[in-house]
Amino acid sequence: MSGEKVRLNTEWLCDCGGCHVAIVDLHEKILNVLEDIHIQKCPVLTDVKDYPEADIGILTGSIRTEHDRHAAIEMRNTCKTIIAFGTCAVYGGLHGAGLAHTKEEIMDYVYKTTPTTRTDFVPSAEITGLEHQVIPVDEVIDVDLYLPGCPPHAHYIFESLKTLLEQKEPKAGQETVCAGCKRLMKKSEVDAIKNSQEGMPDDDICFLSQGYICLGSVTLDRCLAPCPNHGIMCTGCAGPTMQVLSEPNHDIRTEVSDRMARLTAIDKDTIIGQMEKSAKTHYAYAMATKMIGNKPTFLIQKWIADVEAGK
Amino acid sequence: MSKTIKIDPVTRIEGHARILLECDDSGAISEANFCVNELRGFERILVGMEASTMPQVTARICGVCPTAHHLVAAKALDNAAGVELPPAAKLLREFMYMGHFIHSHSLSLFVLAGPDLVFGLNGNMATQNIVGMVDADPELTKKGLRLRSLGQKINETIGGRGIHPVTAVAGGISFKLSDGQFQRLQELTAESVQLVHELAQKTKTMLFDLLDANPVLLDRLNSESWYLGTVKGGKLNVYDGMLRPMDAAGASRQEFAPEAYKEMMSERAVQNSYAKEVYLNMAGGEQMYRVGPLARINVADGMETPLAQKEFELFKKQFSTPCHNAVLQLYAKLIELVYCCEKAHELVNDPALRGEARVAADYKGKTGIAHIEAPRGTLIHEYDIDDRGIVRAANMIIATQQNTAAINNSLKEGANNLLKETSDEAMLNSLEFVVRCYDPCLACSTHAIGKMALDVDISKGGRIIRRIRRNTNA
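Protein chains in written order, with the working numbering: chain A, 1 to 311; chain B, 1 to 474.
Simulated from the structure, these hints should not be mistaken for laboratory data.
What you are looking at is a predicted structure, and each value in this text was computed from that prediction instead of being measured.
Treat the hints with care, as some may be off.
As the list claims (entries may be wrong) - Mimicking SDA-like on lysine to any residue, the simulated pairs with C-alpha atoms at most 20 Å apart in a straight line are: (1) B:LYS176 x A:PRO201; (2) A:LYS112 x B:ARG392; (3) A:LYS162 x A:ALA172; (4) A:LYS112 x B:LYS90; (5) B:LYS90 x B:ARG392; (6) B:LYS366 x B:ARG388; (7) B:LYS317 x B:ALA248; (8) B:LYS364 x A:GLN274; (9) A:LYS277 x A:GLY293; (10) B:LYS90 x B:LYS232; (11) A:LYS182 x B:SER178; (12) A:LYS182 x B:LEU177; (13) A:LYS182 x B:ILE465; (14) B:LYS310 x B:GLU156; (15) A:LYS182 x B:ASN416; (16) A:LYS103 x B:GLY41.
What the hints assert, rightly or not - Ranges of calculated distance between the beta carbons of each label pair, as one might list FRET restraints: (17) A:SER124 x B:ARG469: 20 to 26 Å; (18) A:LYS290 x B:GLU263: 45 to 51 Å; (19) A:GLU104 x B:GLN318: 47 to 53 Å; (20) B:ASP362 x A:HIS70: 48 to 54 Å; (21) B:LEU314 x A:ASP202: 50 to 56 Å.
Glycine included, each C-beta is placed from N, C-alpha and C at the ideal position.
Go ahead and model the full structure; you've got the sequences and the hints to work with.
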């Protein structure tokens with residue numbers, strides 16, 4: 001790369017801040033990146049508050065308020081290439097699970113129900129321009145590149161920035177978390193689903209073969225599979241694969257149950273039923289995206305309401 | 001242009017930071033509120049999820065202190081199950097946490113406060129950031145970033161991931177450390193101890209130079225409050241122990257276990273903000289208190305490791321107990337950073353570290369309560385779990401939230417002293433400085449003093465009588 005430095009803007013919308021920590025976490029590498037990139041606006045690193053013209057714009061977080069909407073539009077207007085960075089920006093993220101509740105329900109719970117709250121009113125402060133629900137970034141502006149992950153692994157961040165600096169098209173790997181998992185898939189005679197806390201899972205055998213629900217096979221690898229390689233089932237934090245998203249009749253629960261039924265002696269419908277009962281857990285990161293929400297068989301609000309009613 | 005400030009792990013400020021001041025009939029400020037204008041509502045969102053995922057899910061409340069939420073959630077599940085963890089599990093979790101503290105405190109000291117230390121308070125805005133620091137003091141900056149990276153690598157090696165770790169589960173830790181990982185941890189801790197020895201003195205000198213150059217920093221912001229922190233055998237501890245309150249005069253009060261938090265703490269909603277205030281129910285009333293590094297140094301009798309203990313003694317010799325001055329939070333953070341590096345080194349050399357790290361834990365149908373000291377202060381989680389293992393109710397007391405009442409009180413005090421100031425800019429700078437000293441969360445701390453975008457509304461009987469605005473590009 002020669003000549004002018006590439007100008008970078010970053011902005012955070014409604015999120016936990018972790019994606020920006022991930023950017024800072026390029027650590028010493030950031031000093032090398034700085035040689036080619038001029039970081040103009042970045043909430044953690046610089047004091048620039050307006051939106052200067054830039055070559056690359058990184059947006060983290062989803063849209064929750066009018067401010068978020070405005071910030072996303074400003075970024076689109078000033079940046080040549082927009083990257084929706086992190087699961088919240090791409091799919092809405094975990095607080096997208098607020099979708100299952102009305103604003104009033106959430107307020108009443110936080111201000112009237114929690115045991116340590118001695119007051120009995122909801123603050124009169126107005127949330128300026130609160131959207132009805134959490135909205136992924138591309139429902140408001142055009143996005144050029146998607147980098148989901150909660151947060152994306154430094155390997156993917158660095159690779160994507162590097163490719164952009166070299167003015168190449170970043171390659172979008174379509175591998176699932178299974179690709180990086182060292183566990184062995186094999187047919188078992190397990191005949192009942194186990195709660196993730198039941199028993200001590202074997203370290204070398206696929207979780208599905210053992211009767212544990214793991215989302216590795218339906219989740220895009222933007223993490224290098226740390227969970228299954230450390231004894232934890234994948235919870236789908238990087239969001240679903242293209243296959244799940246693009247086919248109307250495919251879904252997280254249909255794909256997982258299909259695979260798990262073939263690997264065990266558990267009936268497919270039993271697995272689907274169990275996943276619907278735990279929908280809030282299994283769809284936690286992506287339920288706010290229309291790509292999931294518009295599927296004809298996706299009845300998340302009903303599933304969650306049923307569980308809460310004790311059905 | 002508007003600016004977003006994240007004020008605490010669960011909420012953040014939308015657009016401008018807003019300070020609302022209410023006048024009484026005599027014209028004095030009767031109420032001040034630092035306003036938090038967004039709510040994600042995690043306590044409600046968690047209801048209906050599988051309890052086993054709480055350590056992963058709650059980490060997502062805050063990307064700045066995910067390991068604090070991750071570990072306290074696992075501790076709450078242990079508490080519900082009533083299990084005693086194997087020694088290796090406790091050691092590994094505490095070791096993971098030392099990595100997180102090194103990472104978080106290094107960010108705060110070297111990346112966020114660093115520019116103020118290197119350039120002073122009136123530096124050039126364009127270079128007052130990490131990029132400018134690399135040019136001005138490459139050695140300090142590189143070593144600071146390196147220490148932060150070592151912390152994150154320790155966190156990641158034990159936690160599986162650095163941001164949003166995953167390995168703490170009910171009953172312990174979900175994997176066994178391999179020989180390669182163990183050897184790596186030995187190298188990482190050895191290097192961090194060496195680095196912190198090199199950095200501590202220099203950072204301290206810079207901080208005291210800053211204080212000498214700006215005597216006003218030590219003169220102001222000494223408003224009194226109670227303090228709360230965690231001690232184990234009287235020594236400062238961030239992973240486990242008893243909660244120890246200290247009154248404003250410096251007397252330690254009756255310690256309590258986290259299970260008693262509902263009796264000991266009261267949350268109060270305020271009309272103008274989404275952040276609730278928290279008070280300690282002690283001495284016959286509701287006491288305003290502070291949490292965080294300064295609070296922990298105030299309540300502790302000493303430190304567990306040698307260099308940290310030496311610095312602790314110097315701190316106590318120089319400042320009173322309790323030390324009310326919010327600026328000294330930075331010094332308290334430095335002592336804790338030294339402690340965490342030394343403690344990590346102790347933990348890696350503990351032979352029990354490589355033992356069995358997980359026992360079965362059944363929390364179904366039970367309630368779990370636990371606490372931990374997050375980098376910014378005491379954090380409490382509670383879950384009611386049904387007999388299918390689903391969360392039925394959740395409650396959390398977040399670190400920054402507990403400082404809200406003290407921030408509001410300092411704002412009230414500050415504003416009353418400033419009402420006669422004719423210059424709007426002077427008023428804004430002073431009020432902003434009050435807020436920043438409490439280190440509410442990452443975003444606020446990133447901005448040089450005097451540069452925060454603020455709205456201040458002064459009202460009387462419901463009508464705004466004076467409005468001061470500072471736009472960000474002014």
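Can you list which hints this structure breaks, lowest number first?
4, 5, 13, 14, 15
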